[in-house]
Amino acid sequence: MLKAVLYDIFKKHTLLILIIIAMIALSKALCIYLQSRQEFSPYLSSEGKECFERLLDDSQDMTLEERSAFIYDRQQTAVAPYEQEAVSRYYSLLQGCYRRKGYTDYAKSGRGIIDILVPDDLIKNKDFYAALDEPTVIDTDSFNRLLRLLSFDITPVCVMLLVGVLTADRFERGLDMVIAISKRRGGFYITHTACCVSFVVLVYTASFFCDVIISGSARGEYLTAAFASTGFSSRVDASVFGMILWLYLWGLISAVLCYGCFAAFARFARSTKGYMLVTSSFILVMTAAAVYINGSAPYMFAALSDKGDMLSGI
Amino acid sequence: MRLLLFMLGRSIKPAVLITVFVSVVSCVMLTFCEKGGYVFDKEYDSVFTSLEADTAYDKVSEMADNTRAQNDDLAKRAGDYIAAHTKPGSTPPVLPDGLAGQAVRAAQKGGDSSSAGQSELYEFMGSSLKDGKESEQLIGDKLSGYKRNARRGVTDEYSLALSAVLTRDYEQVLDNQQLADKLYDTRAANTYLEYIENDMLFFVLIFLICFSSFSSERQSRRLSAFAITKAGAGRFIFCRIISAGLVCGVCAVIYCLLQFCVMCLSGGAGCLDMPLQYLKGYALSSYAMSFGGLCIAAVVLRVLLAEVLCAAMLLLSFLSKRNITAGLICLAPTAVMIGLSKSDNSTAQFVTCKFSFLFGGEGYVRVFSTPYPVVWLYVLICAFAAGALFITLIAQGQRREY
Numbered sequence: 004m005l006k007a008v009l010y011d012i013f014k015k016h017t018l019l020i021l022i023i024i025a026m027i028a029l030s031k032a033l034c035i036y037l038q039s040r041q042e043f044s045p046y047l048s049s050e051g052k053e054c055f056e057r058l059l060d061d062s063q064d065m066t067l068e069e070r071s072a073f074i075y076d077r078q079q080t081a082v083a084p085y086e087q088e089a090v091s092r093y094y095s096l097l098q099g100c101y102r103r104k105g106y107t108d109y110a111k112s113g114r115g116i117i118d119i120l121v122p123d124d125l126i127k128n129k130d131f132y133a134a135l136d137e138p139t140v141i142d143t144d145s146f147n148r149l150l151r152l153l154s155f156d157i158t159p160v161c162v163m164l165l166v167g168v169l170t171a172d173r174f175e176r177g178l179d180m181v182i183a184i185s186k187r188r189g190g191f192y193i194t195h196t197a198c199c200v201s202f203v204v205l206v207y208t209a210s211f212f213c214d215v216i217i218s219g220s221a222r223g224e225y226l227t228a229a230f231a232s233t234g235f236s237s238r239v240d241a242s243v244f245g246m247i248l249w250l251y252l253w254g255l256i257s258a259v260l261c262y263g264c265f266a267a268f269a270r271f272a273r274s275t276k277g278y279m280l281v282t283s284s285f286i287l288v289m290t291a292a293a294v295y296i297n298g299s300a301p302y303m304f305a306a307l308s309d310k311g312d313m314l315s316g317i
Numbered sequence: 037m038r039l040l041l042f043m044l045g046r047s048i049k050p051a052v053l054i055t056v057f058v059s060v061v062s063c064v065m066l067t068f069c070e071k072g073g074y075v076f077d078k079e080y081d082s083v084f085t086s087l088e089a090d091t092a093y094d095k096v097s098e099m100a101d102n103t104r105a106q107n108d109d110l111a112k113r114a115g116d117y118i119a120a121h122t123k124p125g126s127t128p129p130v131l132p133d134g135l136a137g138q139a140v141r142a143a144q145k146g147g148d149s150s151s152a153g154q155s156e157l158y159e160f161m162g163s164s165l166k167d168g169k170e171s172e173q174l175i176g177d178k179l180s181g182y183k184r185n186a187r188r189g190v191t192d193e194y195s196l197a198l199s200a201v202l203t204r205d206y207e208q209v210l211d212n213q214q215l216a217d218k219l220y221d222t223r224a225a226n227t228y229l230e231y232i233e234n235d236m237l238f239f240v241l242i243f244l245i246c247f248s249s250f251s252s253e254r255q256s257r258r259l260s261a262f263a264i265t266k267a268g269a270g271r272f273i274f275c276r277i278i279s280a281g282l283v284c285g286v287c288a289v290i291y292c293l294l295q296f297c298v299m300c301l302s303g304g305a306g307c308l309d310m311p312l313q314y315l316k317g318y319a320l321s322s323y324a325m326s327f328g329g330l331c332i333a334a335v336v337l338r339v340l341l342a343e344v345l346c347a348a349m350l351l352l353s354f355l356s357k358r359n360i361t362a363g364l365i366c367l368a369p370t371a372v373m374i375g376l377s378k379s380d381n382s383t384a385q386f387v388t389c390k391f392s393f394l395f396g397g398e399g400y401v402r403v404f405s406t407p408y409p410v411v412w413l414y415v416l417i418c419a420f421a422a423g424a425l426f427i428t429l430i431a432q433g434q435r436r437e438y
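These protein sequence lines map, in sequence, to chains A and B.
Residues in the first sequence are numbered consecutively from 4, following our numbering.
Residues in the second sequence are numbered consecutively from 37, following our numbering.
Just so you know, not all the hints are guaranteed correct.
Unchecked claim - Counterexamples of contact, computed for chain A against chain B with all Cβ distances above 10 Å:
id, residue
1, Ala32
2, Ala81
3, Glu88
4, Tyr101
5, Val121
6, Ser257
7, Val288
Said to hold, decoys possible - Below, a sample of chain A positions facing chain B; criterion: calculated Cβ distance under 7 Å:
id, residue
8, Ala110
9, Arg114
10, Asp123
11, Leu280
12, Ser284
It is worth saying that the hints were derived from the structure and are not from the lab.
Quick caveat: nothing in here was measured; it's all calculated off a predicted structure.
Where is the CB? At the ideal position from N, CA and C, for every residue including glycine.
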């Protein structure tokens, strides 16, 4: 049975699989292209990045006080523009760390704020802020890149196509009637669903790991730092690795749920036209909601939704 | 004719159902945008009703300056303290208790001493009133610039022609502005225009209505059955195209009207007779129109855009043999239009029918050394594109094999 189902998916629908993979690759290429076209890039230049990484290596295992002294020394010796770029980036990140550490100190002891930028729920959620870890200086470009790449996530569209071709089309052609009178129909449905779900999981995982590797997030020191170091919401008590894992799991659950819902639609609609109408309007309405009602909740079936908004809305 | 009416009757009901569903979603989104644009804000109302027409902008900018000054004062004291106590190479200084307490209290949402919300409100109000206040002066500057050019003896044919038409238009605009002498509440109007410019659900609506119109006929082999008859499938396809175009136009009108109703109900009805130039970003528009006129023009232009998109979708749908392929292929123009509507490029703004681009500026483009109104150019191009696509489709309908 498994062999027949796998044959059905991979041999008869090779073109579909290729189209899905090409669409995912295309979306990533488009994202990288659009970023390279940006006039004011938020990222460091390549020389500046090298220099910044050297700074990070030199200041490994330092406390924040030692880092201040260290970057002050480097500020005196930085001459070339890319060196200055890296040093000023390091300095501003360090300042951000002090600011976030200040919130924790303020929540613990009532002292420690270093400037007038204060979160708007500091008094209400005092205990939460008091329990946060101390942030440290890391390469935030990687995380920003990762979020950008993830926001070009078109998994729901791919799932829509997959279910459309493999399931909705079968219902439309009445093949389920043929299967229904066969002896092993239960086995067929279970194997088919299992194969499709594992394919979706596989594709999503592969695409996510591509994102992680392209954005350069897979590095040890970076992953263990507190999430507040990335400069996003300071309301999350986790490490960067925990956050990336959370994003992955969230996306995976969305993809699998998406599969389940779309398969149910296909069963009820019993025509490709109805199925396409329902699912595409579903995806597009969710995407529109993610664009217009920003920052309120993570949207399950939204293709191309801004994950940065999602994080600051937690 | 009977065939056409039959087809219309069959296809209009599901299309209108889809339209109503998408419109309701879109209206809900519009309401959320309006909430962000202070349309339902009580405080804004109370401040706005206390203003007078002549001095409104000055008073609001004064209030905005006051609240900004409070924040600046706190920021300055904190900055002074930080500057005085910073030692290079050591940890940044911690603010003293009084200052830190003030900073924390000012930033908390909904607190008594929180000034963040108020200053945002005044800034927003100021920016809404700014264009109305400055429009007259900016247009006057432009007019005197044209006169100066004429005195200096500019001989370039195009710039002379442009200044002639613009002087005529702007004088009419100034006359209109003199008639409208009251304070307009532009919150709902500004949000509405901003929303319909970036509206992606409109493209989705056209996609949902049109993507399966021919592919389902091909999939069910109805077209090939018609094709082997003596008359062929040409007449059927022709009627289908006409009915799809009509349905698409009707649905686009329903969609636009529902959005317009939401705007009117949420307070935009009061400024339908307002000159266009009082809207945010339209200060230099050369169209002597009211906001109501702009809304009508918006509906017409969007219906035209819908027809072009409809023609493109029909053609793509005709070229694909199965519904699922048609769905995939027709998603491409939808995605392209949504992508273009996010771009700042002027061609992309023209293609996706951005009203601030079409109506916001001088409104003329150079066509063979004569100034041509950009809106008419848009209408012409749309009509040409839709016509060309429909004719291609009709020509495709003459073939005998499907």
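Status of the hints after comparison with the structure:
With a minimum CB-CB distance of about 14 Å to chain B, Ala32/A clears the 10 Å threshold, and the non-interface call stands. At roughly 14 Å, the least C-beta separation between Ala81/A and chain B is larger than 10 Å, which holds for a residue marked as non-interface. Residue placement check: Glu88/A keeps its beta carbon more than 10 Å from all beta carbons of chain B (closest about 20 Å). Chain B draws Tyr101/A into its interface by the beta-carbon criterion, the shortest separation being 5 Å against a cut-off of 10 Å.
A Cβ of chain B approaches the Cβ of Val121/A within 10 Å, the least distance being about 4 Å, so the stated non-interface status is violated. With a least beta-carbon separation of about 20 Å from chain B, Ser257/A lies farther than 10 Å from that chain, consistent with its non-interface assignment. A cut-off of 10 Å between C-beta atoms contradicts the statement that Val288/A is not in contact with chain B; the least separation is 5 Å. For Ala110/A, the shortest C-beta to C-beta distance to chain B is roughly 10 Å, which exceeds 7 Å, and the interface hint is violated.
At about 6 Å, the closest approach between the beta carbon of Arg114/A and any beta carbon in chain B falls short of 7 Å, and the interface hint on this residue holds. Satisfaction of the interface hint for Asp123/A is found here, the shortest Cβ-Cβ separation to chain B being roughly 4 Å, below the 7 Å cut-off. With 7 Å as the threshold, the beta carbon of Leu280/A comes within range of chain B, its nearest partner Cβ sitting at about 6 Å, so the hint holds. Because the beta carbon of Ser284/A sits about 6 Å from the nearest beta carbon in chain B, less than 7 Å, this interface hint is met.
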